[in-house]
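Chemist: Below are the chains, spelled out letter by letter.
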Amino acid sequence: MSTTTTQPGSGTPAGNAPDRSGKPGVSELVSWKAGIGLSLLAILGTVLFGFMSNSKSAGFGIAEAANEAASNVAAWVTLVLALLLSAWLGYLWFVRRRSGPASGSGQLPGWLPPATVAAVVVLGLAALGVAKVSKITLPSAAIGWIAAVILLGLAGYTVYLTQAKKATPRWVGGTFAAVFLIGFMVWIVAGGNGDEPSISLAGLIAGSVTLAVPLVFGSLSGVLCERVGVVNIAIEGQLLLGAFSAAVVATVTHNVYAGLVAAAVAGSLVSLVLAVVSIKYLVNQIIVGVVLNVLISGLTSFLFSTLLTADPEGLNKPGRLPPVDIPFLSDIPIIGPILFHQSLVGYLMYVAVIVVYLGLFHTKWGLRVRAVGEHPQAADTVGINVNRTRFWNVLMGGAIAGIGGSFFTLVSVDAFSKDMSGGRGYIALAALIFGRWNPIGAFLAALLFGFADNLQSVITIIGSPVPSQFMAMLPYALTVFAVAGLVGRSRPPAASGIPYVKG
Amino acid sequence: MSESNTPRHKQEVNPVLPETLADEVVLDVALDTADGAMAPSAVPATSQGGQIPHAAGGSVFRQIVSGNAMVSVLSVLLAIVLGGILMAVTNPKVAETAGYFFAQPGDMLTEVFRPYVALVQGSLFNWAGADAAAQLYPITETLTVSTPLICAGLGVALAFRAGLFNIGAQGQIIFGALFGAYVGFTWHLPFLVHLLVVIVAGLVGGAVWGAVVGLLKARTGAHEVIVTIMLNYIANFLLLFLLTTPAFQRKGSTNPISPFLDQSALFPELLGPQFRLHAGFLLAVVATAFVWWLLNRSTLGFEFRAVGANQSAARTAGINVPRAVILVMAIAGALAGLAGIAQVSGTEKYLSGGVAASIGFDAITVALLGRSTPWGTFFAGLLFGAFRAGGVAMQAQTQTPIDIVLVIQSLIVLFIAAPPLVRAIFGLNPRKKKKAPGGPGSGTIPSGKIESGAATA
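These protein sequence lines map, in sequence, to chains A and B. Letter 387 of the first sequence, counting from 1, is numbered 400 in the working numbering, and no numbers are missing. Letter 383 of the second sequence, counting from 1, is numbered 471 in the working numbering, and no numbers are missing.
The hints are simulated quantities; they were obtained by calculation from the structure and are not laboratory data. We put the CB at the ideal spot given by N, CA and C, even for glycine. There's no promise every hint is true.
[Stated by the list, open to error] Restraint ranges, calculated between C-beta atoms of paired labels, are given here:
id	chain 1	residue 1	chain 2	residue 2	range
1	B	L170	A	V265	44 to 54 Å
2	A	S470	B	V177	37 to 47 Å
3	A	V265	B	Q192	50 to 60 Å
4	B	Q351	A	F483	30 to 40 Å
5	B	I173	A	I56	43 to 53 Å
6	B	Q351	A	Y173	58 to 68 Å
7	B	A222	A	K330	40 to 50 Å
8	A	Y360	B	V161	44 to 54 Å
Based on the sequences and whatever the hints tell you, model everything.
Modeler: Structure follows, in structure tokens:
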């Protein structure tokens, strides 16, 4: 088994040049990791979805809209827009296919495949909304076997490609994941109690987005810090202190927005310690992070037990940020309630993801930040102040994580309690790695982890063949696979964790 | 004790001698990271056994007070003072008595010091106890609590020395406890043999979970910090799941707890049944001695330290780095597994979801405080055990939440990790001098005296 990975850079869709031209793969050594990993998962899928399936059918409820008329209009508009978008994307694909391989510049723009997938999903959901489908029922055994066959086929194809010394194209992994997810969902819902077990799909996804909010903020904080070369293990502490300060300040000032600001300040306060101790005093960043988490946990628990429990009315009754509907958009069936029925913190999450992504990859500032994280010496040589850049980035990351922490006390529950972040800072860290140090990737990974979290509580209610502890394990196991390189390759910024000493 | 015995490597020519202690840190870091080419090791370069030539700025007195041993003492002091301030500020009685501070200063001072008095009474010696047993109970309690801390701390420290950041003691403790407890309540063997089998099972359990990390690190390059954090959660959920299965759940109980371990599988009580102190503590002492021997006297330990100091150099020297990484993680896991055994066979006597409590995380701070040396870890474990044991008594007597112990512990480690910070707070940082024209040898003494103090801590 070769452990040498030679994959094309992440900017270009892996392996599609050798695929189309039929020439031997660009790399002589192709890792067996993907083949072995997918095969194992395919076998697991076959056993679970195929052999262990039952004769029940799985129902997926689709939420009905509150306002029938508005919802109908919105659904039609979405459908038309999605159709237009799909047509345009289809045209792009068509043009590319005609001119691509011949012209030699046959590189896909990186955004095209994901945009296509998104368009297809939106189109499908809009069609469901227009057709007023309220529930989908699927026979579990049939779907399970179909999924198993596709999984085995994809795994076999990967093994074949590896043997032929070709890189596995990206779509194989993506399709594999999607089919596995569908098979898994059908299997797990069909395993529930009752004759025809069903869950609300819209509720499940909406809940996942909500649960993912602190994770997204936490992982964005991690992205900002790691991209500039500072490992931020203290996300957990930033979330926790953010939650604590939000609760206390919002209660004292009777203003939830003041609480939100206080959370950001608190998060950057944790970051300040991290930055000063690790950048100025050059202490190992991981040590500082671990210690800060313990410190914040102890500090907030202590203050909670002494001050907050003594006077809960005056110190720990922050009130809530109300959910805000965005006009029209929130009326779109299925998508609307999931994406556009959020609290202010939820909308800030979208803003933060977009701003961090654009900032890091499309501005001069972002280029400098990434230079500092990848090669501080080179950055210094061209006149970037390495440690100052690091300092401000770490502070900004802290502020973002702090806002994420306010979710716990201003949106989710309206009071602070001991250790209420419950290890989500570490899951955010996992999401950051799973998302390959990219804001969008981290966002999607956080959504996936939020989904696993929510699925766990949903299936505990309907009863399931999988013990809930295993569902809870899922994000962590996935992360181990991810860092071990079994699911794609993840590479941290080169200078991450290394203090910079000018000299 | 440990480091002072290792052969010192004397450098004849010192091209760059740092002028001040701040420069000294910079030099250490530059050396540690090969000028930014690789990630820094988990242990500061100064406590890795080798000697880095430093200039001794200022007088002999200043060398002593700014040395690492002094920094450790000052760090503990500073953390205790800050913890005291925190407790005083949040205590309404202090505010009350502060109102008439100038009339009766004793009242306020009593209030301020009450939690710490209770802490000492609960961890060292209870002078208010009725008889000798009651008076000595606190110190035995400290030893009991510190037993798993020492074992797990050794595991973390050992991995540190090989350059691995083992955050996974928590999961390794759980696995050790899981294996040990299962053998302890399902097999029924004669006395002593049973205990021995339980210990071996615990060692194996911890070693397996540790070796997984080493294997992933060595084979795929996965970062051990991430892997260990994730494996902690996986181990925890696995434990919670197993405790709901018939194989592990206590008969007739709906709670997720296991049956009691057989009497023959328990550590004998050292001082009779009225104390909780058990023979596991002796095992912790043995383990400390073993780790000291391993690190300082064995080939394997030398390989570990070489890998920790510089992987590339170790590889060039012919050391099998992947093997060393897997082995050190397995041994570290086994040590943490021992902590799990101390819990199920000594203190708790059954397996529950909270068997590892927060020992795994405390172990990291213990190892850091002990500067990753075996005996340093041992005493750090005793100190934190005293904090834990005393914290319980403090909470009962003065209603001060035990969480303050976490604050003090983490502050200590934070200060110890950043000696220049502590020196700056106490004004011990030597003033920057003008660069001496003579360069090396101009009145500077290249000596290792500064580090040796800390290494023996």
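Chemist: State for each hint whether it applies.
Modeler: Verification of the hints:
no.: 1; hint: B:L170 x A:V265: 44 to 54 Å; in the structure: violated, 24 Å
no.: 2; hint: A:S470 x B:V177: 37 to 47 Å; in the structure: holds, 39 Å
no.: 3; hint: A:V265 x B:Q192: 50 to 60 Å; in the structure: violated, 32 Å
no.: 4; hint: B:Q351 x A:F483: 30 to 40 Å; in the structure: holds, 35 Å
no.: 5; hint: B:I173 x A:I56: 43 to 53 Å; in the structure: violated, 60 Å
no.: 6; hint: B:Q351 x A:Y173: 58 to 68 Å; in the structure: holds, 60 Å
no.: 7; hint: B:A222 x A:K330: 40 to 50 Å; in the structure: holds, 44 Å
no.: 8; hint: A:Y360 x B:V161: 44 to 54 Å; in the structure: holds, 51 Å
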